[in-house]
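K.L.:
Chain by chain, the residues:
There are 2 protein chains.
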Amino acid sequence: MSAKNMEELVSLCKRRGFIFQTNDIYGGIKGLYDFGPMGVELKNNLKQSWWKSMIYERDDIEGIDASILTSPIVFKQSGHEETFTDPLVDCRSCKSRWRSDQLNENKCPQCGSNDLTDPRPFNLMFKTNVGPIEDGTTFAYLRPETAQQIFTNFKNVLDSTPHHLPFGIAQIGKAFRNEITPRNFIFRVRELEQMEMEFFVKPGEDEKWHKTWTDLRVAWWEKQGINRKRLELLNVPKAKLAHYSKATIDIMYKYPHGLEELEGIANRTDFDLGSHSRDQSKLGITATVEKNTQSNAKLAVQDPETKEWTVPYVIEPAAGVERGVLAILNEAYKVERLENGKERTVLSLKPHLSPIKAAVIPLKRNNEDLVNKAKEIKNILQGLGLGRVLLENSGNIGKSYRRHDEIGTPICITVDFESLENETITIRDRDTMEQSRLDIVSVSEYFKKTINN
Amino acid sequence: MSAKNMEELVSLCKRRGFIFQTNDIYGGIKGLYDFGPMGVELKNNLKQSWWKSMIYERDDIEGIDASILTSPIVFKQSGHEETFTDPLVDCRSCKSRWRSDQLNENKCPQCGSNDLTDPRPFNLMFKTNVGPIEDGTTFAYLRPETAQQIFTNFKNVLDSTPHHLPFGIAQIGKAFRNEITPRNFIFRVRELEQMEMEFFVKPGEDEKWHKTWTDLRVAWWEKQGINRKRLELLNVPKAKLAHYSKATIDIMYKYPHGLEELEGIANRTDFDLGSHSRDQSKLGITATVEKNTQSNAKLAVQDPETKEWTVPYVIEPAAGVERGVLAILNEAYKVERLENGKERTVLSLKPHLSPIKAAVIPLKRNNEDLVNKAKEIKNILQGLGLGRVLLENSGNIGKSYRRHDEIGTPICITVDFESLENETITIRDRDTMEQSRLDIVSVSEYFKKTINN
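Quick note, the sequences are listed as chains A and B, same order. So the mapping is simple: this note's numbering equals the position in the first sequence, first residue as 1, plus 17. So the mapping is simple: this note's numbering equals the position in the second sequence, first residue as 1, plus 17.
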């Protein structure tokens with residue numbers, strides 16, 4: 018199942034505390050969103066799932082968390098100052114500005130005039146002044162991708178961990194892009210989060226690893242609940258490749274607004290390490306890199322036998338967290354018609370992604386015995402360390418069920434007066450809506466089985 | 018135990034991959050640091066411990082994750098545009114700039130001249146232009162604290178979750194401060210991470226809750242391994258209170274560079290919600306707030322019986338992640354003299370904070386049987402979901418032990434040829450250095466006991 022349109026998702030996200038527009042009490046800011054109580058849990062669960070698969074379940078990848086503010090020299094060498102641009106046109110009539118490649122006709126979408134300027138490149142990097150002197154010489158960029166801070170830390174990581182090629186460095190963090198026309202909810206935003214991993218390999222082994230990582234990443238998205246039918250692999254045509262890329266496979270997802278990129282897996286060759294290295298001319302760099310006169314580090318590895326230095330090639334799976342969240346919400350969203358004719362909205366999230374793993378609900382609000390018993394069960398389940406378990410003291414079971422269907426809670430556990438007599442509770446399954454009576458001593462096992470499913 | 022001085026910690030952090038200076042291959046940027054492979058795990062573990070204690074183990078606090086870029090109106094209403102400043106002086110002789118309250122003598126630390134200007138306020142907020150028009154009207158601030166985005170989301174959270182007073186909203190995220198003179202390693206930096214929680218209470222109950230949260234926060238820091246002897250509570254004198262505060266307790270920690278703030282617990286009264294609310298005059302706000310003509314939301318709660326609207330008071334425990342990491346590293350750091358006369362450096366981290374929970378080390382590098390057996394054990398322990406478990410195929414046990422002592426790994430597990438014969442391994446304890454032989458079937462229990470300790 019999936020949503021009929023974006024509006025359904027936007028509405029659910031606001032109603033149930035997944036996603037709000039930033040500063041909406043002041044009218045909002047275009048292209049900026051805040052994650053609410055349910056959104057932050059879903060997002061964190063997705064990030065943890067990625068981190069686990071990249072770092073914990075392998076032994077050849079290390080994580081880092083580098084700063085957002087970045088020295089201009091980094092983005093000069095990386096080519097971003099020159100090429101990280103979108104084509105911008107002005108409307109001479111109403112003074113509005115637009116991305117020329119997104120205009121359907123040669124008319125201003127705001128006033129309808131066709132008096133538009135020729136397109137010119139607009140750099141998407143945000144910059145800010147650093148330090149108390151404001152003469153334009155001491156600024157930093159807000160990084161437009163997390164990748165560059167991985168490359169600049171290549172030697173630091175290699176020197177402090179016991180790795181040899183092939184190995185990777187992974188990072189999750191914010192990136193900023195001054196989009197001219199942000200749109201499609203959280204799909205194209207100005208402040209985003211990325212999950213990027215740079216996998217360093219011997220030149221010549223790059224194409225094999227490019228294929229391997231593409232397969233691994235598709236399999237990972239399937240484990241997050243994305244139906245393979247709504248994924249397509251796009252081999253980016255040569256003419257559209259980024260300046261650093263030898264080949265890129267885009268994992269495209271059928272979003273409510275159309276087929277668009279969920280993740281890209283790029284073969285960045287030795288371009289990046291080569292760009293940030295000293296002694297460039299001695300390293301046999303194959304990519305065309307800008308001359309570097311400022312780096313103090315040799316970003317290369319030495320062959321223990323031949324003693325020769327080589328700049329590794331890089332395979333980069335780079336995914337957007339918000340785009341992942343949007344795809345997962347879309348996949349999980351369904352509206353069911355019930356036997357009584359009513360409708361119910363359910364988020365059939367994979368349990369490891371659910372914001373709340375189980376809700377424990379006392380039948381009567383503020384009844385001390387029921388609440389204490391519920392608290393006891395909550396603490397046992399919470400102690401298992403499988404994610405958030407909620408004691409919901411709302412006193413309205415029907416309302417609680419509806420809420421937990423819509424936020425994707427796999428099970429609801431109701432504590433009633435019978436529970437106090439015979440140590441049993443009612444468990445309700447999100448997907449089947451079936452309710453069954455269970456001994457309290459068996460709840461942990463049932464819970465573990467459901468969540469680890 | 019603790020470090021003798023900051024240099025010891027800086028050196029360990031670089032050597033073992035905890036913390037590097039940002040863009041150090043280009044000479045670094047003052048006041049910016051990157052977390053390396055061990056640092057990111059330690060930091061994430063600390064953040065998760067906070068999140069768990071705030072949200073998962075209670076039922077009255079929700080989390081959010083809001084954007085860093087923030088509308089200027091937010092920081093106008095909050096008072097930051099007016100008051101978030103440090104006193105700045107210029108040296109007329111060498112043109113350098115300094116924080117006047119940090120100059121020991123009335124002389125320039127750079128050139129020694131005493132020809133300094135009078136101090137004037139310098140605003141610490143970073144700003145950046147948003148959108149394609151650069152005329153100074155469409156900028157955003159990089160938030161200097163996460164708190165304001167909690168207040169602006171007050172109604173969103175209340176409307177989408179079933180809470181009543183008292184309840185809280187928690188957030189972990191980056192904040193940015195254009196410090197004039199960043200210093201003391203990661204203590205005073207320009208890009209930092211905060212763990213802030215705003216607890217909304219009925220006016221009149223604020224002082225009781227202020228006391229409660231102060232006690233809870235001290236107890237939490239003790240659980241992270243901070244010795245109570247190196248903590249002091251400072252009741253901030255009236256004259257030094259922030260503009261929003263009725264009372265603030267600072268939890269001070271004895272850092273290598275002196276006694277400084279680790280966390281502050283402030284009674285922010287109804288200042289913040291009152292500042293961002295519409296209909297201010299009808300809400301009986303007690304704080305002095307700037308008139309708000311732009312907010313579209315009433316940030317107040319209605320009494321179900323009297324129907325009266327009240328703006329809740331706020332108790333805010335606000336901690337710095339980097340300051341926490343620095344205190345924890347300092348506490349855990351020790352140099353021991355061994356019986357053979359040599360020294361060893363150990364990080365006696367609490368196991369839940371250790372970057373790596375266990376290292377599984379095959380006795381011989383690349384021996385297939387040993388590596389497979391090690392992999393088997395790694396996978397079992399990793400599957401328990403207690404954090405990162407490493408298969409370290411280095412082939413040098415002594416070197417591995419030294420590394421894992423210095424990064425605080427609680428146990429090392431060695432797989433040797435005997436392991437292949439009788440299904441036993443050697444376990445080495447970080448703190449006692451004792452080694453014992455254990456059946457492989459018993460490793461999970463031993464591991465769980467150690468890590469959950």
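For the record, the hints were derived by calculation from the structure and aren't laboratory data. Cβ atoms here follow ideal geometry from the backbone N, Cα and C, with glycine treated the same way. Possibly wrong hints are sitting among the right ones.
Stated by the list, open to error - Among chain A residues calculated to face chain B with C-beta under 7 Å, some are:
1) G34
2) T39
3) S84
4) S88
5) I90
6) F143
7) T145
Said to hold, decoys possible - The following label-pair restraints were derived from C-beta to C-beta distances:
8) P138(A) to N22(B): 36 to 42 Å
9) K351(B) to V352(A): 58 to 64 Å
10) N121(B) to K308(A): 40 to 46 Å
11) N383(A) to K351(B): 15 to 21 Å
12) E122(B) to N396(A): 53 to 59 Å
13) E122(B) to G301(A): 51 to 57 Å
14) N396(B) to P138(A): 39 to 45 Å
15) N470(A) to D176(B): 30 to 36 Å
K.L.:
Indicate, hint by hint, whether the structure satisfies it.
P.N.:
Quick rundown of the hints versus the structure:
1. G34: This interface hint holds because 3 Å falls under the 7 Å limit.
2. T39: The hint holds - T39(A) has a Cβ within 7 Å of chain B, the shortest such distance being about 5 Å.
3. S84: 5 Å, holds
4. S88: 4 Å, holds
5. I90: 5 Å, holds
6. F143: 5 Å, holds
7. T145: This hint holds: T145(A) lies near chain B, its Cβ roughly 5 Å from the closest one there, short of 7 Å.
8. P138(A) to N22(B): 36 to 42 Å: Cβ of P138(A) to Cβ of N22(B): about 50 Å, so the range 36 to 42 Å is violated.
9. K351(B) to V352(A): 58 to 64 Å: 60 Å, holds
10. N121(B) to K308(A): 40 to 46 Å: About 44 Å separates the Cβ atoms of N121(B) and K308(A), which means 40 to 46 Å holds.
11. N383(A) to K351(B): 15 to 21 Å: 50 Å, violated
12. E122(B) to N396(A): 53 to 59 Å: Hint holds: Cβ distance 58 Å, inside 53 to 59 Å.
13. E122(B) to G301(A): 51 to 57 Å: 55 Å, holds
14. N396(B) to P138(A): 39 to 45 Å: 50 Å, violated
15. N470(A) to D176(B): 30 to 36 Å: Check passed, 32 Å falls within 30 to 36 Å.
Violated hints, in rising order: 8, 11 and 14; the structure is consistent with all others.
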